[in-house]
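As they're listed, the protein sequences go chains A and D.
Residue 44 in the numbering used here is what sits at position 44 of the first sequence, and the numbering runs on without skipping anything.
Residue 148 in the numbering used here is what sits at position 148 of the second sequence, and the numbering runs on without skipping anything.
Note that these hints are calculated values from the structure, not bench results.
Because the structure is a prediction, the values reported are computed rather than measured.
It is possible that part of the hints are untrue.
[To be verified] Straight-line C-alpha distance at most 27 Å; calculated BS3-like pairs for lysine-lysine: (1) Lys-344(A) / Lys-114(D); (2) Lys-99(A) / Lys-47(D); (3) Lys-47(D) / Lys-75(A); (4) Lys-75(D) / Lys-384(A); (5) Lys-286(A) / Lys-75(D); (6) Lys-384(A) / Lys-114(D); (7) Lys-20(A) / Lys-344(A).
[Unchecked claim] If you want a taste of the chain D side facing chain A, the calculated C-beta under 8 Å gives, among others: (8) Ser-50; (9) Ile-51; (10) Phe-52; (11) Phe-53; (12) Leu-63; (13) Arg-65; (14) His-68; (15) Asn-70; (16) Gly-97; (17) Cys-145; (18) Val-148; (19) Glu-150; (20) Pro-151; (21) Ala-153.
Just so it is clear, CB atoms sit at the ideal spot from N, CA and C, and this is done for glycine as well.
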Amino acid sequence: MTSYDTNALRGLVQSDRVHKDFYINPDVFDIEMERIFGRIWLFVGHTSQVPNNGDYLTTTVARQPVIMSRDRNGKVHVMFNRCTHRGSQVCLEQFGNTKRFECPYHAWVFNNDGSFAGAPYPKGYADGFLDKEKLDLVKLPRMEIYRGFVFVSLSTDVPDIDEFLGPMKDHIDAFCDRSPEGEVEACAGVFRYRYDGNWKLQMENQTDVYHIMFTHVSTTDEDGKQFRREGAEEDEAGKVKVLAKNSRLDDQWEEHPLGGHRHGHVYMGRFAMDKKNSGPVYDRYKASMEKAYGDQAEENMTVRTHNSIFYPHWSIQHLSQHIRVMNPISVDCTENIIIPLKLKGAPEEMWHAALRSNNNSHSPSGMVMSDDMEVWVRCHEGLKTQSTDWVILARGMNEKFSGDNTGSYESHGTSESGARNQQLAWIDYMCGQG
Amino acid sequence: MLADIEKYLYREVRLLDERRFEEWTDLFTEDGYYWVPAYPNQTDPYKAVSIFFDDRQVMRTRLSRLDHPNIHAQKPPSRTVHIVSNIEIDEKHDVEGEILVHSTLQMMEFRLDKQTHYGGRAQHLLLKTDDGFMLKWKRVDLINCDGVFEPLAIPF
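Can you build the whole structure from these sequences, using the hints too?
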């Protein structure tokens, strides 16, 4: 097997194109797992997914099974789902509440904070062995929580979380501050689905305005306008929808704001809407926001970004109101976890509309995601051909693009700058300047 | 009665297999809905996410999308076969003019050299009308409802 040296990796990414091996080569994927997913902050979940003491959930972080739990004192922990005795996973339920995790193999027991609580027939061990040996479930090397968003790292050697998130912290704040209580709640479960394609195909798609009117043409009606997706609650909740003419490229799309920051983070500005939010439910929301934030209410209620994409694997979708986690399974398989978020304290009708919107657009049957996934799978298959080695990402190269992974940049429209910014970060992580 | 119900349920799923989506939608009452929960034992579609929770309006959106010439996720289209069996009338459901029917439902789907098999329990709430049955709601509880899915297009 070839092993990619730094020069070979660097050669995969050029200013306006990337080599197909960037997406399809299993060796490259293994290096990504080590140098990107193994070394920077990853998203694992939101604390509101384990609201009560004793609550837990199981998930994976960079392919490794983990447990996120809340102990009897309310503290949240993230630990590897692996018995410290012989290696068995100690819990396979997706979520639940427990005081202790018991290994099925020899009934070793761990408290819900991960601490070792005992092994049967301890006399079989040398005196003091079980006390001396470190037998607690092993915690992820680093964990940080910001406004309920739980981050972990597989290495202790990671940049400071504030430095890593940089201006993207404002995007988390902006989402939480739309709630009158300043909190979001992941209280409706999750969707999980997967597609047979590389993780970066989706990451790069998320600031790709260019594809919307083509990939998603079937979500428009004869006039080229977006279908409604929320069902009856939409009007009731005073929710607005994406402005007309999804089906063709016009000035509206070219003016659309895009941007990004150091470390590969990117975002897409808010789509133009067909009307202002209004109605009795919206008025109630506005009143509660004014009560909570005073003069700041209007500012907090204004959604400025459609989505915020945090490198390497998750995003906040502000308008559709969910967290999207993109977990790489293998070079050609990616699993999505969609976590809808409720704005705590906002009218229930708004939450119902948001929940229905998530069902209709981002569930496994979602009318938006299914066409996206189709395209990513087709890309991955097409890239396997010997046709040509390069994928062209030159759109917007004729315009000023100040992104160099040293600071922030602004771009607009159908430019492929978002993908290029992620790729600059990729080079730095893979070649040692991350 | 059971024979009429069987006939109705067989036709209901046949409309999906034959991609007669508009006719399928028209089986539902105006306030009818189609629900596929994403977790077992759900009682309220506003408490948790759903794989499908379509009122007539969303159904029409979804199904007119299925007829769109550029629905990429269905080019080429899926072929499906739905299998309904173990049909039982709920004796405990005692509402005048309504019949609650339980059944088991399977759907085989074939697209792009891949065959997928779904299965679960279905419930139909039928309204007796002068012109036969109307569907007030259909609910499908898949055995893999909280599992990992590939994209879905055709209702179960």
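Outcome of the hint check:
1. For a cut-off of 27 Å, the pair hint linking Lys-344(A) to Lys-114(D) is broken: about 43 Å separates their Cα positions.
2. For the hint linking Lys-99(A) to Lys-47(D), the alpha-carbon distance of about 26 Å falls within 27 Å, and the restraint holds.
3. At roughly 26 Å between alpha-carbon atoms, Lys-47(D) and Lys-75(A) fall within 27 Å of each other, so this suggested pair holds.
4. A C-alpha spacing of about 21 Å is found between Lys-75(D) and Lys-384(A), which places the hinted pair at or below 27 Å, so the restraint holds.
5. Only pairs whose Cα atoms come within 27 Å are accepted, and Lys-286(A) paired with Lys-75(D) is rejected, the gap being roughly 44 Å.
6. Proximity of Lys-384(A) to Lys-114(D) is assessed by CA-CA distance (about 19 Å); at most 27 Å being required, the pair is judged to hold.
7. With a C-alpha separation of about 44 Å, the suggested pairing of Lys-20(A) with Lys-344(A) is violated against the 27 Å cut-off.
8. Taking 8 Å as the C-beta cut-off, the interface hint given for Ser-50(D) holds, the closest approach to chain A being about 5 Å.
9. Given the 8 Å rule on beta carbons, the hint for Ile-51(D) holds: about 5 Å separates it from the nearest Cβ of chain A.
10. Among the interface hints, the one on Phe-52(D) holds; its C-beta lies about 5 Å from the nearest C-beta in chain A, closer than the 8 Å criterion.
11. Using the Cβ-Cβ criterion of 8 Å, the hint placing Phe-53(D) at the interface with chain A is satisfied: the shortest such distance is roughly 5 Å.
12. Contact between Leu-63(D) and chain A, as hinted, is not supported at the beta carbon level, the nearest pair being about 11 Å apart and thus beyond 8 Å.
13. Against a cut-off of 8 Å between C-beta atoms, the interface hint on Arg-65(D) holds, since the closest Cβ of chain A lies about 5 Å away.
14. At a threshold of 8 Å, the smallest CB-CB gap from His-68(D) to chain A is about 4 Å, leaving the interface hint in force.
15. Checking Asn-70(D) against chain A: minimum C-beta separation of about 5 Å stays under 8 Å; hint holds.
16. A hinted interface residue such as Gly-97(D) counts as satisfied when its beta carbon comes closer than 8 Å to some beta carbon of chain A; here the least separation is about 24 Å, so the hint is violated.
17. Hint status for Cys-145(D): violated, given a least beta-carbon distance of 10 Å to chain A, over 8 Å.
18. Interface hint status for Val-148(D): upheld, as the beta-carbon distance to the closest one in chain A is roughly 5 Å, under 8 Å.
19. Given the 8 Å rule on beta carbons, the hint for Glu-150(D) holds: about 7 Å separates it from the nearest Cβ of chain A.
20. Hint status for Pro-151(D) relative to chain A: holds, with the closest Cβ pair at about 4 Å, below 8 Å.
21. For Ala-153(D), the suggested interface contact is upheld, since its CB lies about 6 Å from the closest CB of chain A, less than 8 Å.
Checked against the numbered hints above, the structure breaks hints 1, 5, 7, 12, 16 and 17 and satisfies the rest.
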